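Below, each chain spelled out in residue letters.
2 protein chains.
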Amino acid sequence: MRKLYHHWLSPFSRKVRILLKEKGLDFQLEVEKTWERREDFLALNPAGLVPVLVEHDGHVLAESQAICEYLDEVYPNKLLIGFDPATRAETRRLVSWWDLKFGREVSEPLVFEKVMRRFLGQGHPESAVIRIAHQNMKVHFDYIAWLTERRTWLAGDDFSLADIAAAAHISCLDYLGDILWEDHPATHDWYARVKSRPSMRPLLADHIPGLPPPRHYADLDF
Amino acid sequence: MRKLYHHWLSPFSRKVRILLKEKGLDFQLEVEKTWERREDFLALNPAGLVPVLVEHDGHVLAESQAICEYLDEVYPNKLLIGFDPATRAETRRLVSWWDLKFGREVSEPLVFEKVMRRFLGQGHPESAVIRIAHQNMKVHFDYIAWLTERRTWLAGDDFSLADIAAAAHISCLDYLGDILWEDHPATHDWYARVKSRPSMRPLLADHIPGLPPPRHYADLDF
Numbered sequence: 001m002r003k004l005y006h007h008w009l010s011p012f013s014r015k016v017r018i019l020l021k022e023k024g025l026d027f028q029l030e031v032e033k034t035w036e037r038r039e040d041f042l043a044l045n046p047a048g049l050v051p052v053l054v055e056h057d058g059h060v061l062a063e064s065q066a067i068c069e070y071l072d073e074v075y076p077n078k079l080l081i082g083f084d085p086a087t088r089a090e091t092r093r094l095v096s097w098w099d100l101k102f103g104r105e106v107s108e109p110l111v112f113e114k115v116m117r118r119f120l121g122q123g124h125p126e127s128a129v130i131r132i133a134h135q136n137m138k139v140h141f142d143y144i145a146w147l148t149e150r151r152t153w154l155a156g157d158d159f160s161l162a163d164i165a166a167a168a169h170i171s172c173l174d175y176l177g178d179i180l181w182e183d184h185p186a187t188h189d190w191y192a193r194v195k196s197r198p199s200m201r202p203l204l205a206d207h208i209p210g211l212p213p214p215r216h217y218a219d220l221d222f
Numbered sequence: 001m002r003k004l005y006h007h008w009l010s011p012f013s014r015k016v017r018i019l020l021k022e023k024g025l026d027f028q029l030e031v032e033k034t035w036e037r038r039e040d041f042l043a044l045n046p047a048g049l050v051p052v053l054v055e056h057d058g059h060v061l062a063e064s065q066a067i068c069e070y071l072d073e074v075y076p077n078k079l080l081i082g083f084d085p086a087t088r089a090e091t092r093r094l095v096s097w098w099d100l101k102f103g104r105e106v107s108e109p110l111v112f113e114k115v116m117r118r119f120l121g122q123g124h125p126e127s128a129v130i131r132i133a134h135q136n137m138k139v140h141f142d143y144i145a146w147l148t149e150r151r152t153w154l155a156g157d158d159f160s161l162a163d164i165a166a167a168a169h170i171s172c173l174d175y176l177g178d179i180l181w182e183d184h185p186a187t188h189d190w191y192a193r194v195k196s197r198p199s200m201r202p203l204l205a206d207h208i209p210g211l212p213p214p215r216h217y218a219d220l221d222f
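Those sequence lines, one after another, are chains A and B.
Sequential numbering from 1 applies to the first sequence in full-length UniProt numbering.
Sequential numbering from 1 applies to the second sequence in full-length UniProt numbering.
Derived from the structure by calculation, the hints contain no laboratory data.
Please read these numbers as outputs of a predicted model, since none were measured by experiment.
Some hints could be false.
It does not matter which identical chain is used: a pair holds within one copy or between any two.
Said to hold, decoys possible - No more than 27 Å apart at the CA atoms, straight line, and that leaves these computed lysine-lysine pairs for DSS-like:
{"id": "1", "residue 1": "Lys33", "residue 2": "Lys138"}
{"id": "2", "residue 1": "Lys101", "residue 2": "Lys114"}
{"id": "3", "residue 1": "Lys3", "residue 2": "Lys78"}
{"id": "4", "residue 1": "Lys33", "residue 2": "Lys101"}
The shape of chain A in the complex, shown without the other chains:
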C-alpha cells in the first residue's frame, strides 16, 4: 500500500492528500513527528520534512511539489497542473504563491504560534506575530477575490493544483478557527466550491486528539 508520511496541520501534506484523492489513488496515512528527528524517517527524507510518499514498489518521494509533479506525470488520468505550458506556468506560479508567500506570511506563523509552540514547550503564543499574520491573510484573501472575479478557478477555467494548494493552507487555518468568513465573501464562495469536492472529505473528517476543530470546519454550509 502507498504510504504518505504527514502532519495533520501541514499544508504541504494536505496538498498531496487532496491531489491523491482527486486522482483516485489509494494511500495510507502515517503521522510523522518530524521534530523527533527519527533516524528511519531522515533516511527517507534528509530534509526531515513531511510530506514523504512511499509508492507501492518502495520508491520514495519527498518535497510536496516534487511529489505532486510526479503524480501528475505518472497518473495522468486527471491532469491537475494544466494542459498547455502557459496554464501550467500560471498554476505553478500560484502554487508557489500559496506554498511560499502565504506559507511564510500567514499559515506557518499561525500554526507555529497557536499549536506547535505548545507541543515543543516553547512558551506562549506571541500575539504580535498572530496579529500580523491575520493582517497578511486579508491581503491574500483579497487576491483570491480578484482572481475569482476574473476566472472560474484560481489558475483559469479548470480546477487545478493552484486551488488544491490554496485550500490546503486555508483548511489548516479554518481548523484553528482563524478565519472570519463573513469578512471574505469571495474567498468563502470559492472555498465552499472546493470544500464540496469529494477529495476534501477526508480532511474535513480530521480530528486531532486534544485539538478539536470548530463546528463549522466540516460543515459545507458554513
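We have chain A; now place chain B onto it with these hints.
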C-alpha cells in the same frame, strides 16, 4: 527581445539566467529594485519578486520554478529537469532543497545581512545571524559531498536544474567571499565543474557597482 527582470544577488534570478544560457536562449537583463515596489513591476508580478521573464510575444512568467518548468517544456532542445518521472522527482526535490532549505538557512540571511541591510538603511549586519548561516552552510556542503560521492551530478548521471539551483545560490555566496573553499574539497570539485560551463560565464563576469567580487570569484582555477 526576451527580458529577464532580476537582481544581481538573487539566487532565483541566477537559476533562470543559467538555464536560459544552457538552452541557448537569448535574453536581455533588466535590474529590478524590488524594494521600491514599482507599480509597473507589480503589475507583472503581484508578489513583487524577481525573477520575472517577459517572452518575445509579451507573455509574462513569474516565480523561478514556474519559469524553469515552462522553459523546459517549451524549449525541450536540452532537457534540464530530467527524462523519466523518477529522475525528474529527484531533480525537483533537490531544487527545493536549494531554493527553500539552503535559501532560508544560508543564502537569504547572508545576502540580507551582508548586502541588503546597507541598501535598505537597516543598520549593521548581525554577526550572530552570519555565524549561524556559516554553520548551516557546512551541513549543506557535506550533503553535496555525500551526493557527489554517489553520482556524477547532484540528481544523477546528467547535469540538471538541481546543479543549476545549487550553483545559483553558491555563486551568490562566493561573490560575497563567504566560502572557505579549502574546507570543502568535494563541493569545490563539483563547483569547479559547474563553473567551467559556458552557461556560467555571464554570472562570473558580474560586477555590482560598489561591491566588487573577490578575485577568485571569476577564476576557474580557484
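Review point. Which of the listed hints are not met by the structure?
Key: Violated hints: none; all satisfied.
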